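Enquirer: Use these hints to put chains B, C and D with the ligands onto chain A, whose structure you have.
Protein chains in written order, with the working numbering: chain A, 189 to 343; chain B, 189 to 343; chain C, 3 to 135; chain D, 3 to 135.
To be clear, the hints were calculated from the coordinates, so they are not data collected in a lab.
Here the structure is a predicted model, which is why all the values come from computation and not from measurement.
Treat the hints with caution; some may be incorrect.
DEER-style ranges, computed between Cβ atoms [claimed, not checked]:
1) C/G77 with B/A218: 36 to 42 Å
2) B/R330 with A/V332: 40 to 46 Å
3) A/R216 with D/R74: 16 to 22 Å
4) A/A214 with B/D262: 56 to 62 Å
5) C/G77 with B/D262: 24 to 30 Å
6) B/P288 with C/E91: 30 to 36 Å
In silico contact screen, one side only, chain B against chain A (beta carbon under 7 Å); selected entries [as the list claims (entries may be wrong)]:
7) P300
8) R307
9) A308
10) H310
By construction, the Cβ of each residue, glycine as well, lies at the ideal position given by its N, Cα and C atoms.
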Amino acid sequence: MSARAASARPGALRVGATVLGTVRLAGRTAELSRLRRAVEAWAGTCGLPEAAARRLVQATDEAAANAIEHGMSDPAHGRIVVSGRHDAEGLTVHVRYRGPRFDPTTAPAPGPAEILRARAPHGYGLLLIRRLVAQVGYAYRRGVNEVRLTARRDG
Amino acid sequence: MSARAASARPGALRVGATVLGTVRLAGRTAELSRLRRAVEAWAGTCGLPEAAARRLVQATDEAAANAIEHGMSDPAHGRIVVSGRHDAEGLTVHVRYRGPRFDPTTAPAPGPAEILRARAPHGYGLLLIRRLVAQVGYAYRRGVNEVRLTARRDG
Amino acid sequence: MSHFSVSFSRLGAARVLALSGDLDAHTAPEFEAALAACLAEGGAQIVADGSGLTYVSSAGLGVFMAMLEPARAAGGDIVIAALPERVFETFDLLGFPEVFRFAPSAAEAAALFGDISAGETAAAGAPAAGEAP
Amino acid sequence: MSHFSVSFSRLGAARVLALSGDLDAHTAPEFEAALAACLAEGGAQIVADGSGLTYVSSAGLGVFMAMLEPARAAGGDIVIAALPERVFETFDLLGFPEVFRFAPSAAEAAALFGDISAGETAAAGAPAAGEAP
Ligand SMILES: Nc1ncnc2c1ncn2[C@@H]1O[C@H](COP(=O)(O)OP(=O)(O)O)[C@@H](O)[C@H]1O
Ligand SMILES: Nc1ncnc2c1ncn2[C@@H]1O[C@H](COP(=O)(O)OP(=O)(O)O)[C@@H](O)[C@H]1O
Numbered sequence: 189m190s191a192r193a194a195s196a197r198p199g200a201l202r203v204g205a206t207v208l209g210t211v212r213l214a215g216r217t218a219e220l221s222r223l224r225r226a227v228e229a230w231a232g233t234c235g236l237p238e239a240a241a242r243r244l245v246q247a248t249d250e251a252a253a254n255a256i257e258h259g260m261s262d263p264a265h266g267r268i269v270v271s272g273r274h275d276a277e278g279l280t281v282h283v284r285y286r287g288p289r290f291d292p293t294t295a296p297a298p299g300p301a302e303i304l305r306a307r308a309p310h311g312y313g314l315l316l317i318r319r320l321v322a323q324v325g326y327a328y329r330r331g332v333n334e335v336r337l338t339a340r341r342d343g
Numbered sequence: 189m190s191a192r193a194a195s196a197r198p199g200a201l202r203v204g205a206t207v208l209g210t211v212r213l214a215g216r217t218a219e220l221s222r223l224r225r226a227v228e229a230w231a232g233t234c235g236l237p238e239a240a241a242r243r244l245v246q247a248t249d250e251a252a253a254n255a256i257e258h259g260m261s262d263p264a265h266g267r268i269v270v271s272g273r274h275d276a277e278g279l280t281v282h283v284r285y286r287g288p289r290f291d292p293t294t295a296p297a298p299g300p301a302e303i304l305r306a307r308a309p310h311g312y313g314l315l316l317i318r319r320l321v322a323q324v325g326y327a328y329r330r331g332v333n334e335v336r337l338t339a340r341r342d343g
Numbered sequence: 003m004s005h006f007s008v009s010f011s012r013l014g015a016a017r018v019l020a021l022s023g024d025l026d027a028h029t030a031p032e033f034e035a036a037l038a039a040c041l042a043e044g045g046a047q048i049v050a051d052g053s054g055l056t057y058v059s060s061a062g063l064g065v066f067m068a069m070l071e072p073a074r075a076a077g078g079d080i081v082i083a084a085l086p087e088r089v090f091e092t093f094d095l096l097g098f099p100e101v102f103r104f105a106p107s108a109a110e111a112a113a114l115f116g117d118i119s120a121g122e123t124a125a126a127g128a129p130a131a132g133e134a135p
Numbered sequence: 003m004s005h006f007s008v009s010f011s012r013l014g015a016a017r018v019l020a021l022s023g024d025l026d027a028h029t030a031p032e033f034e035a036a037l038a039a040c041l042a043e044g045g046a047q048i049v050a051d052g053s054g055l056t057y058v059s060s061a062g063l064g065v066f067m068a069m070l071e072p073a074r075a076a077g078g079d080i081v082i083a084a085l086p087e088r089v090f091e092t093f094d095l096l097g098f099p100e101v102f103r104f105a106p107s108a109a110e111a112a113a114l115f116g117d118i119s120a121g122e123t124a125a126a127g128a129p130a131a132g133e134a135p
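Bound-form chain A, shown alone (with noise of 0.2 Å):
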């Protein structure tokens, strides 16, 4: 499934996927460790390894982040919306909230090196996301953004 493809209708659900829940966050990054763990209780609903599943919290975490930090509109008032549906292939958690369109898969980015060699201390929550999992999506839709990331059972 292509971000491509995927943009037209954002987070629908795949063919036989089961919805393991949902968490609503305050735009505040003292939310983000309730948010690892809820993402850590559906993998391990869904059986999924350790490594894959402690990849898939950490980038959850980074895009939650960032949208804490740089993306919703209305910190104060707005919810990050996660959610974690499982399937065949693996587990893919949905982020979304209420902003300017910013599109992770796409965002230019310094590479890992550049971003290094030059001592930069920021920069690496975009890295992390495009690393830690199997697949990033993205959809824009009426003023809401959505991020998926995909955790897959094999790795």
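Expert: Positioned in the frame of chain A, the structure of chains B, C and D with the ligands alone reads:
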């Protein structure tokens, strides 16, 4: 003159070009101020406008600093040879040093927005080289890098 | 809320910051302030003892990077010690070992500052146990 | 050799580093060490008085950037003051005004730290003239 066309004959004088002078630098940053004064003098000789001269001086300084800090295969014994050539169009400085091939016109580098956003303490040299002068050319021949920086009389 | 804490001790000339819990976007500012305070007291030879770390996000990585150059410019360094394998994985994924020195224990990290011998540090055992002999 | 020097003074609670000469790849380490020393003495409210600067290269820009986050994490800031127009041009070309605060004089920069009023600073005249009233 494109970088590609020029790489067939590195160091070649264009028809009508006058060599204004040559400076040989040791591989030490202490040499840079002498280099800046030389380029300033060449710019004065050929009547380059003040702003264009200042930018060419800085681009040359950045290219030579990079050669010293990252490029020269033997900073302790090698030399950087910098010469100024003047023609109807403007002033071109050639910076030559022995070292692994490094093309500042195509080297992967974060853009100014990304690098600033990342609060990076490094990576501004290449950006300046690319932005300060009208044209940057590059050639590599028999182990010698040649960076050409052109300031135009008309800005 | 993320559980995270920093505690300070010394090992020879090195300041040891023992980190525990989750170093994420929420807790990174606390770590950054701790490092800044350490530098502000003239302590530029810093050991970050990560033996108690359970998680590090990009915000935590960024704090290490932000404070590295100031520590080195002040004649010191930040050496990262005793990271659990799964936390080290994140540092490794982004190439941090090219820039930072990592040590298996806080004592071995402190020894890199040259104040106590490798023998003593090996014997010192538990990290961040206060002043070295 | 590049002519460059840093001298220290105070203006209210701010530390003023008066820079003069060429801040290039050769002299940047000296400036970095001066900023690091300033931070190490607990002085995080820093005014970089650039009125005497004749040149800044990317290495100099990098030093400002490297020390910004540590200064802010320690509760302070680096405010850049009194830059000659042609030196400011380099900062501007790379977008530094999006990240740093610039002030027309050292006194006005120090006033941004809230210790002395704008009126007094305007009257203070010459930059880096020592303790403010
Ligand atoms: N969800 C988002 N919405 C808008 N901008 C974003 C978002 N995520 C990231 N960005 C932009 O991309 C940059 C890089 O993000 P990241 O790699 O996570 O590093 P950091 O958050 O430390 O800056 C951010 O500084 C921000 O400008
Ligand atoms: N002449 C060169 N030869 C080899 N590598 C170079 C050269 N110039 C620049 N580089 C590489 O490009 C990077 C960015 O250079 P620059 O933008 O000048 O920033 P800085 O020198 O501060 O790192 C350098 O860190 C180095 O890895």
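Enquirer: Does each hint hold? Answer for all of them.
Expert: Here's how the hints hold up against the structure:
A C-beta distance of roughly 22 Å is found between C/G77 and B/A218, which places it outside the suggested range of 36 to 42 Å. For the pair B/R330 and A/V332, the supplied restraint of 40 to 46 Å is violated, since their beta-carbon distance comes to about 58 Å. Remark: the range hint 16 to 22 Å for A/R216 to D/R74 is upheld by a beta-carbon distance near 21 Å. Evaluation of the 56 to 62 Å hint for A/A214 and B/D262 yields a pass: the beta carbon distance comes to about 59 Å.
Take C/G77 and B/D262: their Cβ atoms lie about 29 Å apart, and the range 24 to 30 Å holds. Taken as a hint, the range 30 to 36 Å holds for the pair B/P288 and C/E91, whose Cβ atoms sit roughly 32 Å apart. Checking B/P300 against chain A by beta carbon gives a least distance of about 11 Å; that is not within 7 Å, so the hint is violated. The restraint placing B/R307 at the interface with chain A holds, with a minimum CB-CB distance near 5 Å, inside the 7 Å limit.
For the restraint placing B/A308 at the interface with chain A, the shortest Cβ-Cβ distance is roughly 4 Å, inside the 7 Å limit, so the hint holds. With a least beta-carbon distance of about 4 Å to chain A, the hint placing B/H310 at the interface is held under the 7 Å criterion.
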